[in-house]
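Protein chains in written order, with the working numbering: chain Y, 1 to 798; chain U, 1 to 158; chain G, 1 to 287.
It is worth saying that the hints were derived from the structure and are not from the lab.
Careful, some of the hints might be misleading.
Distance condition first, Cα-Cα at most 20 Å in a straight line; then the derived SDA-like pairs of lysine to any residue [unchecked claim]:
no. : chain 1 : residue 1 : chain 2 : residue 2
1   : G       : Lys41     : U       : Ser8
2   : Y       : Lys663    : G       : Thr189
3   : Y       : Lys316    : Y       : Asn410
4   : G       : Lys10     : U       : Glu45
5   : U       : Lys4      : G       : Ser265
6   : Y       : Lys613    : Y       : Asn709
7   : G       : Lys10     : U       : Ser74
8   : Y       : Lys573    : Y       : Ala602
9   : G       : Lys41     : Y       : Asn709
10  : U       : Lys4      : G       : Pro164
11  : G       : Lys10     : U       : Ile34
12  : Y       : Lys48     : U       : Glu6
13  : G       : Lys41     : U       : Ser2
14  : U       : Lys4      : G       : Thr189
15  : Y       : Lys76     : Y       : Lys48
16  : G       : Lys10     : U       : Ser8
17  : G       : Lys138    : G       : Ser117
18  : G       : Lys41     : U       : Glu45
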Amino acid sequence: MGIAPEAQVETVAPHEARSPAGAKQIAKDSLIGKRIAKLDAPDKASGKTRYIHDMNLPGQLHAKILRSARVHARIKRIDVSKARALPGVHAVITAADVPYQRPLGVGKDHLPLKSDRVRSLRDEIAAVAADSPEIAAAALKLIEVEYEDLPPLFDAAEAAKRGAPLLHEGKEGNVAMTFDYAHGDLAQGEAESDVVIEDTFQLHYVTHCCMGVSGVIAEFDAAGGLTLYSQTQVPFLHKREFADVLGIDPGRIRIIQPPIGGGFGSKLDIYPFEPIAIFLARATRRPVKLVFTREEEFAVSPTRQPVVLRLRSGAKRDGTLTFREVETLHDNGAYTSWGATTPFVIMQTISSLYRVPNCKYHTSAIYTNNPYAGSFRGYGNLQGTFAVESHMDKLAEALGIDPLEFRLRNAQDPGEVTGQGMHFKSCGFKDCVRTVASRSDFQRKHREYRAQWGKPGRYKRGVGIASMLHVGGGAKIYPSDGCGTILKIDDFAHVTLMTGASEIGQGSETVLAQLVCEELGVPLDAVTVVNNDTDITPWDVGVHASRTTFIAGNSAIGAARKAREKIMAAAAKVTGHDAAVLDLRNGMIVLAADGEAIMPLAKLLRSLHFSDKAELVMTTHYYEPPSQHQDKGFKGDVSAAYAWASQVIEVEVDTETGIVRMKHVWGAHDVGRVLNRLGIEGQIEGGVVMGQGYALTEELVIENGATRNPAFRDYKLVTAPEIPEMDISFIETLDGEGPRGAKGVGEAPAICIAAATANAIYNATGVRIYKLPFTPENVYRALHAQGACERSTAGSGQ
Amino acid sequence: MSPKVEISFTLNGTERTVAVAPDMSTLAMLREVIGLTGTKYACGEGECGACTVIVDGLSLNSCLMFAADCDGRSVTTVEGVVDTPVGERLRDAFVQAGAVQCGFCTPGMMVQAKHLIDSLGASLDREAIKRGIEGNLCRCTGYVKIVDAIAAAAQPKE
Amino acid sequence: MTVDTYVAPKRLDEALEAMRGGRATILAGGTDLMPQSQSGKTPLGRRLVNVRRVAELHGVVLANGALHIGALTTISELMASELVRRHLPILGEACEHFASSQIRNAATLGGNVCNASPAGDTLVPLVALGAAVELASKPNGAVSTRTVPLAEFVVGPGRTRREPMELLTAVLVPLPAAGSVQRFYKFGTRLGLDISAISLGLAAVREGRTLRQVRLALGAVAPTPMRSPGAEAALEGRPLETGVIEAAAAAARDDARPISDVRASAWYRRELVHNMVKRMLTDVAEG
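My request is simple: use the sequences and hints to build the entire structure.
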């Protein structure tokens with residue numbers, strides 16, 4: 001199946017059903033699996049959508065933050081008097097002005113405004129609210145800070161050594177977080193092995209690059225209630241966080257999420273700029289808007305952090321995996337955000353992507369004076385999959401087994417429970433592998449390209465395969481992984497769906513509307529989704545872990561089914577037919593057997609509303625997935641369903657320059673069921689290209705704690721002419737728990753790309769590269785070191 | 001503060017006279033002086049295309065253009081583009097092709113697409129579209145559906 | 001510093017008059033000036049002289065054996081110019097790789113030359129083509145002009161021999177002789193929107209298998225675009241055979257004086273110079 005749109009997109013259906021004069025019989029129709037245009041797209045394409053950047057409140061002030069000029073230092077003195085005196089400045093605050101502030105974030109290891117010590121160049125020291133951003137910026141330059149430098153730590157391995165200075169009191173060894181996991185008997189696994197390999201993989205810094213830069217607007221009402229216009233991906237958890245940091249009642253915090261210009265995991269934690277804007281709003285009694293510049297966004301946003309991952313793997317001669325042992329070192333940066341917890345996901349790939357009888361895993365995240373690490377689409381899985389799938393290729397080669405055959409021999413089947421306790425109720429893994437292999441002609445190409453090794457020629461082609469396992473039915477990392485829905489239907493059969501799930505561009509709003517249409521038999525334009533205001537919408541854990549379609553979808557279906565029951569009971573009473581013979585189609589109550597229209601749904605609803613026993617159709621539903629919180633040893637079924645994908649990538653390597661061109665990507669995704677084909681293709685295409693950037697072009701260069709390339713000029717996102725041809729297949733395993741059988745897919749497409757590319761470069765050149773990204777210089781160096789570059793010259797690699 | 005420069009120009013078909021600081025960008029003028037927020041700031045250095053506008057028939061990065069240089073010229077923003085027949089076709093095509101996700105790059109893409117269609121017409125094939133939008137970054141879509149949308153809009157409907 | 005005067009003259013003598021007071025910043029396309037002034041790298045002077053409306057600075061004409069390219073010719077206009085396409089194909093090719101469509105529509109040739117970036121996209125082909133720049137000023141009431149070879153005009157990153165009251169009015173490129181061979185190469189993973197890690201421009205006259213009047217320009221491997229005297233000497237008058245090509249490629253690599261920066265290491269830049277000079281010459285030999 002090609003990716004170009006073949007079918008006509010479903011747009012909003014005409015409303016003939018609401019004037020039933022002509023229409024007598026209505027056939028059963030379904031939107032599931034069709035190409036449904038996003039509900040928010042027309043406004044976005046017209047420039048009408050108002051993001052935070054486009055909003056201005058009356059009386060609003062503009063804020064800027066002063067950040068540390070030193071990577072690691074004591075603050076000896078701060079003098080803000082000149083800044084305060086600048087005309088147009090309304091407030092200048094330092095930690096001394098907000099004695100009530102409390103530590104924030106995942107590690108609760110720093111204050112929004114640092115008081116006596118800075119540990120990275122992004123550390124917030126002071127903030128200004130002024131009449132304009134220009135005045136606020138000018139005021140920052142008038143703030144005097146005196147530092148006393150402390151010894152910096154830029155290397156996680158150095159920081160972990162005995163005797164290294166401690167960045168946080170009480171954090172011995174500068175350890176921010178560790179994860180240990182094991183199943184089986186490693187020694188026995190090793191004893192049974194015919195082949196054992198060990199390699200060290202090096203992963204690099206990247207960052208999200210949301211096109212909309214970070215921003216917030218904070219406003220207090222006269223009674224002390226806070227309204228925050230925020231881009232957060234986790235509004236309800238955020239309320240509690242803010243209440244903790246600010247020392248105010250969470251019930252007095254209202255979070256409104258204007259449309260968000262990209263998330264990708266960057267907005268899962270609370271970062272200092274939001275509390276700082278709130279402090280300023282409190283200090284000035286005015287609304288305060290704080291928006292980053294792009295340079296600030298690069299320098300201050302969370303990163304996907306560098307990891308050194310040592311992997312040992314073993315297998316028997318017959319192609320059975322025997323064990324895996326992993327040790328990783330994560331550069332945590334100066335403070336602990338979600339990045340420190342990504343080993344939780346790497347662990348799943350190590351233990352459960354393939355059947356591994358014996359497994360041992362140790363990771364540590366170590367504090368340094370570098371930028372700190374957050375969560376980013378894939379959450380550790382890109383890194384883990386790169387290592388595991390590189391090893392699958394190497395083991396297959398060492399055993400003399402076809403790489404595809406080797407993978408299939410160790411792949412999981414439906415129904416299996418892994419050593420870690422994950423239960424794969426639906427599992428299309430093998431179908432994914434076979435589908436991409438056959439669509440890409442993988443085995444033939446793999447043989448033929450390999451036969452070209454050592455032969456002359458500037459350009460070398462190669463193919464590589466990689467697969468991934470990721471949560472597809474939520475992730476129970478909090479005591480709850482649920483989502484609430486409130487649904488109401490008005491007198492005109494218009495449905496308002498209030499969901500806790502946030503839209504960040506991924507299209508959840510549209511999918512939820514589709515699922516409601518399916519239950520209530522109303523056209524798509526009869527549904528409005530409200531998803532951006534904590535005072536209105538019910539609780540939800542947030543947009544992460546590819547969970548929204550699955551969790552919020554099930555929640556929406558639950559609320560819609562309750563509404564349907566009410567409607568059908570009333571319809572039976574009003575029409576005199578048994579409810580069992582009735583159906584709802586296109587806004588009409590019909591006879592299920594032949595679709596004969598009996599009465600408009602709107603008319604029925606009005607009759608309920610205006611009767612002497614007046615009743616409105618309003619329902620609520622809360623969905624909690626049947627997954628389990630893992631035990632202390634990280635065993636348990638963390639998700640209600642798991643998603644699978646395999647990708648084959650074909651590359652062309654220019655051996656004279658090291659440039660790797662991604663020519664073609666074949667992907668097969670077990671998504672449970674396609675709900676909105678247009679939306680899911682978009683998720684996959686976008687994820688593939690984000691993975692391409694991770695593999696080939698993107699690198700945040702951090703030197704001595706400073707970001708060297710804080711601009712798109714040198715932080716290279718993939719541009720349109722560079723994208724590969726794509727061929728995407730869907731494996732529909734119809735998950736029993738999923739909404740209409742669907743599983744999550746948001747993160748999956750980005751996960752395998754670096755791994756498959758590494759394998760493709762090897763297939764093209766015979767050179768295996770263990771260090772990302774595969775930029776021209778890195779690839780050229782690797783080829784040069786192994787004498788595999790065309791026309792290279794003698795010369796040192798520096 | 002610098003003395004302001006009074007300029008007159010045509011904005012989306014209407015004559016406008018405004019006073020701007022000589023060092024102000026066209027992007028800042030559109031968003032902050034005039035209040036048209038469809039044109040987006042995403043980098044301020046001409047690297048991302050989110051602020052693309054059409055000036056005298058050519059697409060430009062409004063973040064790189066001095067507002068004073070708009071004097072006597074004709075400026076079209078996304079708000080003006082969608083009022084044209086080509087712009088309507090583009091908007092519908094972006095919606096139907098699934099070319100919009102977070103939507104932040106979309107206005108710039110729409111304006112650049114209008115420029116491409118106006119200058120290349122029906123000869124605008126997929127490769128030319130990809131080259132034509134290489135100055136417009138998108139982090140969500142992977143560009144495929146944006147190319148689909150522009151290709152569809154480039155072919156006038158019967 | 002704040003700008004106290006903004007002028008947008010329509011005639012050259014008005015523009016030069018406006019620059020007489022000194023401390024003037026010239027605005028043309030704005031694509032470099034805007035980010036550089038906003039970041040503080042190039043603060044604006046007291047006078048901002050927008051020359052974009054000066055009619056004399058537009059257009060490409062062929063006269064007296066040279067192409068006379070007005071300083072305000074945009075990169076898009078260069079790409080569309082029949083004269084450029086026919087006579088200076090490597091200039092057109094460099095323009096193809098220049099930034100993005102939006103920037104090509106605004107950026108001017110004069111601006112790219114005066115910005116004097118070691119990686120400036122048009123500089124390498126222009127140096128290879130032996131271009132010169134024409135500068136005008138109005139020191140004492142009358143317009144006077146002078147011509148400076150481009151290779152001498154650019155003296156360092158962002159620095160040129162332009163005097164504060166001078167305006168670059170045109171780039172003059174001598175018409176290549178019959179048998180002209182021109183090649184351009186820009187390293188990058190992208191077709192455009194890339195700051196080159198290296199670029200190469202070759203112009204020569206082919207006689208059978210031999211190249212004469214060889215000019216090989218290297219970009220982004222020194223503080224200014226430079227020629228490779230070693231490679232030119234190795235090639236001049238010799239048949240393009242494997243040994244000659246290898247010697248020229250090695251000489252170009254040795255002539256390059258690159259730095260290591262966030263885009264590439266010095267070692268890698270030298271490797272690229274070698275490999276791509278060799279590739280370019282091999283293609284010429286085989287073509």
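Hints and how they fare:
no., hint, result
1, Lys41/G to Ser8/U, "30 Å, violated"
2, Lys663/Y to Thr189/G, "13 Å, holds"
3, Lys316/Y to Asn410/Y, "11 Å, holds"
4, Lys10/G to Glu45/U, "28 Å, violated"
5, Lys4/U to Ser265/G, "46 Å, violated"
6, Lys613/Y to Asn709/Y, "68 Å, violated"
7, Lys10/G to Ser74/U, "18 Å, holds"
8, Lys573/Y to Ala602/Y, "16 Å, holds"
9, Lys41/G to Asn709/Y, "16 Å, holds"
10, Lys4/U to Pro164/G, "25 Å, violated"
11, Lys10/G to Ile34/U, "27 Å, violated"
12, Lys48/Y to Glu6/U, "28 Å, violated"
13, Lys41/G to Ser2/U, "19 Å, holds"
14, Lys4/U to Thr189/G, "43 Å, violated"
15, Lys76/Y to Lys48/Y, "48 Å, violated"
16, Lys10/G to Ser8/U, "17 Å, holds"
17, Lys138/G to Ser117/G, "27 Å, violated"
18, Lys41/G to Glu45/U, "13 Å, holds"
In summary, the structure is inconsistent with hints 1, 4, 5, 6, 10, 11, 12, 14, 15 and 17 from the numbered list given earlier, while agreeing with the others.
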